[in-house]
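Student: Sequence:
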Amino acid sequence: MQEFIDKFVQYGYILVFLYSLGGGMLALLALGVFASAYNVNPYISILVAFLGNFLGSSALFYFTRTSKKDFQKHLVKHRRKLALLVVLFRKNGFIFTFVCKFIYGLKTLGPIAAEISKLSFVKFSVYNLISCIIWAIAVFYVAYFLGESLGQFFDEYSSYMPIVLLILLVIIFIYFKIKAKK
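Per the numbering used here, residue -7 is the first one in the sequence shown, and the count goes up by one each step.
Everything labelled a hint here was simulated from the structure, so no lab data went into it. Beta carbons: idealized from backbone N, C-alpha and C, even for Gly. Take the hints with a grain of salt, since some may be wrong.
As the list claims (entries may be wrong) - Straight-line Cα separation of at most 27 Å, DSS-like style, residue types lysine-lysine; simulated pairs:
hint: 1; residue 1: Lys99; residue 2: Lys83
hint: 2; residue 1: Lys99; residue 2: Lys69
hint: 3; residue 1: Lys60; residue 2: Lys99
hint: 4; residue 1: Lys169; residue 2: Lys115
hint: 5; residue 1: Lys99; residue 2: Lys110
hint: 6; residue 1: Lys110; residue 2: Lys73
hint: 7; residue 1: Lys83; residue 2: Lys69
hint: 8; residue 1: Lys(-1); residue 2: Lys60
hint: 9; residue 1: Lys61; residue 2: Lys83
hint: 10; residue 1: Lys(-1); residue 2: Lys65
hint: 11; residue 1: Lys83; residue 2: Lys73
hint: 12; residue 1: Lys65; residue 2: Lys99
Said to hold, decoys possible - Simulated restraints on C-beta separations:
hint: 13; residue 1: Ile155; residue 2: Ala29; range: 22 to 32 Å
hint: 14; residue 1: Phe94; residue 2: Tyr30; range: 25 to 35 Å
hint: 15; residue 1: Arg72; residue 2: Asn31; range: 17 to 27 Å
hint: 16; residue 1: Val118; residue 2: Val68; range: 44 to 54 Å
hint: 17; residue 1: Tyr35; residue 2: Phe94; range: 14 to 24 Å
hint: 18; residue 1: Gly97; residue 2: Lys65; range: 28 to 38 Å
hint: 19; residue 1: Tyr152; residue 2: Lys110; range: 40 to 50 Å
hint: 20; residue 1: Leu47; residue 2: Gly97; range: 12 to 22 Å
hint: 21; residue 1: Leu121; residue 2: Phe63; range: 21 to 31 Å
hint: 22; residue 1: Tyr96; residue 2: Asp147; range: 29 to 39 Å
hint: 23; residue 1: Tyr149; residue 2: Lys110; range: 48 to 58 Å
hint: 24; residue 1: Leu43; residue 2: Tyr152; range: 35 to 45 Å
hint: 25; residue 1: Leu158; residue 2: Lys73; range: 39 to 49 Å
hint: 26; residue 1: Ile155; residue 2: Ala75; range: 49 to 59 Å
From just these sequences and the hints, can you work out the full model?
Tutor: The structure is reproduced here in structure tokens:
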């Protein structure tokens, strides 16, 4: 187990960086929970996730600016969402740059809408920098404290876990049986 932990600490930061390039927060959540149980540096974790997210969003903004024609053919399905986001970015760019970090589906469309709304690259970079810092800190520490709470819960009620898992599996099975009949 210790070998796995050492490898995860060694290569986990690379995975978090790569996953954060696309705006994903699942790897950062997993690292936060992992950090609550093992010796993982929270500052490096936050820095790596911040850099990945900042570079990914900035690159998407830049690529949209330089290759708008290529992007437009892929965004036909999202025309209405983009139009709404463009209007919102024109009203208050920072708030929607920040909000887009936390909402699945808008993480990718946010930088594209910011570019379409003619937001300057420097202004977007400042908004993105602040938003990415807040995003990385918030996501990591929510996962960290949730991981601590779950660890205490499992330590206290570990003898009941097989029963809880069995009940959970039965509930999931019943749910899918009911859903399949519809």
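Student: So if I understand the rule, the pair passes when the alpha-carbon distance is 27 Å or less; does Lys83 with Lys69 pass?
Tutor: Holds, at roughly 24 Å.
Student: Could one say that the CB atoms of Arg72 and Asn31 fall in the range 17 to 27 Å?
Tutor: violated (48 Å)
Student: Please test the hint of 12 to 22 Å on the beta carbon pair from Leu47 and Gly97.
Tutor: holds (20 Å)
Student: Tell me if the straight-line CA distance from Lys83 to Lys73 falls inside 27 Å.
Tutor: holds (16 Å)
Student: Between Phe94 and Tyr30, does the C-beta distance stay in 25 to 35 Å?
Tutor: Hint holds: Cβ distance 26 Å, inside 25 to 35 Å.
Student: Note whether the CB distance of Gly97 and Lys65 lies within 28 to 38 Å or breaks it.
Tutor: Violated, since Gly97 and Lys65 (Cβ atoms, about 19 Å apart) do not stay within the stated range.
Student: Quick one, are Lys(-1) and Lys65 close enough, alpha carbons at most 27 Å?
Tutor: Violated: Lys(-1) and Lys65 sit about 42 Å apart, past 27 Å.
Student: Holds or violated: Lys99 and Lys110, Cα atoms, limit 27 Å.
Tutor: Answer holds: Lys99 to Lys110 is near 18 Å, not above 27 Å.
Student: Is 44 to 54 Å respected by the C-beta to C-beta distance linking Val118 and Val68?
Tutor: Roughly 31 Å apart at Cβ, these two residues miss the hinted range, so it is violated.
Student: Measure nothing beyond the straight line between the CA atoms of Lys61 and Lys83; if it is 27 Å or shorter, mark the hint as holding.
Tutor: Roughly 25 Å separates the two Cα atoms, so the pair holds.
Student: At the C-beta level, are Tyr149 and Lys110 separated by a distance inside 48 to 58 Å?
Tutor: For Lys110 against Tyr149, whose Cβ atoms are near 55 Å apart, the range 48 to 58 Å holds.
Student: Is Lys99 within 27 Å of Lys69, Cα to Cα?
Tutor: Given pair Lys99, Lys69 holds - Cα atoms ~16 Å apart, limit 27 Å.
Violated hints, in rising order: 4, 8, 10, 15, 16, 18 and 19; the structure is consistent with all others.
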